[in-house]
Amino acid sequence: MSHQALGIDLSKVERLSVPNILHFVWIGDLNEVNTHYIDIWKKTNKDKQIFFWYDQDSSLCYLLNNAIRDFVSVKKIKNKDKAELKIKNHAFKYIYPKIKAGFSFDELVIEFLTKHEIPYQRPPKAIEDAWFGNRGFIKKSITELFCNDFDDFMRYYYYEIILRHNIASASDIVRLLIIYQYGGTYIDVDTLPYIDNIYHKLNEYIRKEGVVESDSFLLFKTVCFLKKINSEGGLPEAVIGCDENELGLDAVGFEEIKRLIELDLTDFSLDMILPLGETYVHKNLLALGSLRRFKGVYFNNFISSHQKSKAVRIILRVMKKRYRFLERNNCIFDCYIDDGSRCYLTRILPWRSELTTRNYCVTSVLTGPGLIVEVLLGLAYKVFSIGYLIEPSSIAEYMQNPDFGIALFQHTIDTPDGAYSTWRK
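Residues in the sequence shown are numbered from 1 upward in steps of one, following the UniProt record's numbering.
Simulated from the structure, these hints should not be mistaken for laboratory data. The structure presented is a predicted model; accordingly, all values stated were derived computationally and were not measured. Even glycine gets a Cβ: it sits at the ideal position worked out from N, Cα and C. Watch out, some of these pointers could steer you wrong.
To be verified - With beta-carbon atoms standing in for the labels, derived distance ranges: (1) GLY277 - VAL74: 51 to 57 Å; (2) SER393 - CYS343: 20 to 26 Å; (3) LEU270 - ASP129: 27 to 33 Å; (4) ASP151 - ASP417: 29 to 35 Å.
As the list claims (entries may be wrong) - List time: in silico BS3-like cross-link candidates among lysine-lysine, alpha-carbon distance up to 30 Å: (5) LYS43 - LYS320; (6) LYS82 - LYS320; (7) LYS320 - LYS42; (8) LYS310 - LYS98.
Given the sequences, and given the hints that come with them, work out the whole structure.
Structure follows, in structure tokens:
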């Protein structure tokens with residue numbers, strides 16, 4: 001079904017140009033950042049500024065979590081999860097008020113661990129100026145985002161870092177604040193530009209033979225691309241070392257695919273990757289990463305909007321309401337106990353235990369793509385005057401039509417670094 005069939009006149013919806021800024025976020029130790037993907041974005045989008053957002057005082061967030069976990073694991077305690085929860089509660093109540101008073105998170109982490117006799121190994125800290133020196137990135141501080149009307153989000157940010165060690169959720173919060181306050185395009189550091197168009201001969205063979213491109217196959221194509229741009233030529237090592245069984249192919253088909261990949265990459269240069277160019281979004285809305293092979297599915301690894309978008313403001317407001325719901329139901333410092341009562345937001349109450357139980361049902365709808373899509377769908381009915389007989393799932397699928405300007409496809413999420421992302425779990 002098209003937008004015409006839905007009764008939508010897109011010509012009446014104003015579009016605004018997005019600022020020429022690419023935003024990247026890193027929470028943690030700068031020594032651990034792989035900037036190779038960012039460099040590729042920079043080289044293929046020369047008209048864009050690169051804003052690199054980080055928290056210079058959060059380099060020890062991993063150390064805090066690992067030290068507490070290791071400390072609990074060697075103790076002769078029956079309920080280790082409960083013991084870990086209790087220590088992290090103490091950590092938050094010790095650290096957060098002092099952060100509000102202007103003290104450094106990293107220094108407070110060391111203070112807390114020392115005070116509670118929790119062993120730790122402090123890694124060497126990257127020298128900030130040297131790290132940024134020759135990269136051509138504009139250095140931005142995450143903490144500046146929590147000023148004025150956004151101070152509550154600082155509390156939610158540290159809830160995630162200290163209590164859950166959910167860096168993905170902390171990053172979700174930050175990226176929405178960035179897009180609202182600055183506008184531009186946010187990109188995950190493990191996301192690459194769209195590269196599938198470079199495989200002309202291979203993709204023709206895939207279509208002709210009806211080859212199903214699994215996640216492993218798509219990742220294989222990305223690895224071959226990365227090996228090519230990091231070598232001086234020749235067949236990428238990934239092609240030589242890969243097992244055809246991983247790709248669901250027979251030996252003959254695999255040999256042909258290797259041959260075609262080599263042909264496609266022979267004369268490859270970064271100039272063949274299409275730049276994002278001028279990006280437009282509907283006024284007061286936003287555009288969100290998606291993949292054509294997943295109908296009605298969106299990701300927040302790739303977000304674009306103009307500054308002060310009302311939709312982004314609403315998303316942040318809904319997020320705040322959901323955190324307050326958790327606070328009112330005592331599900332921040334304690335694990336949820338199901339009493340049988342149900343409401344629309346009951347699904348987020350297992351917030352504290354989500355990462356322990358590995359039942360990943362909270363983060364997406366609290367801070368991630370689930371939250372964004374729910375708000376967008378609600379707005380779509382109003383903005384585009386869509387009849388309520390149309391199911392939300394249908395609207396989500398229809399919004400992938402390029403005419404809507406909601407779905408962004410110019411990215412690659414099947415990457416070696418992206419294979420470990422939380423959304424894949």
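Hints, one by one, checked against the model:
1. GLY277 - VAL74: 51 to 57 Å: Given a distance of about 55 Å, which is inside 51 to 57 Å, the answer is holds.
2. SER393 - CYS343: 20 to 26 Å: At 22 Å between Cβs, range holds.
3. LEU270 - ASP129: 27 to 33 Å: Once the Cβ atoms are compared, 28 Å apart, the range 27 to 33 Å for ASP129 and LEU270 holds.
4. ASP151 - ASP417: 29 to 35 Å: Given a distance of about 32 Å, which is inside 29 to 35 Å, the answer is holds.
5. LYS43 - LYS320: violated (37 Å)
6. LYS82 - LYS320: Holds - the C-alpha atoms of LYS320 and LYS82 are around 27 Å apart, at most 30 Å.
7. LYS320 - LYS42: Violated, at about 34 Å.
8. LYS310 - LYS98: violated (33 Å)
Hints 5, 7 and 8, counting from the list given before, are not met by this structure.
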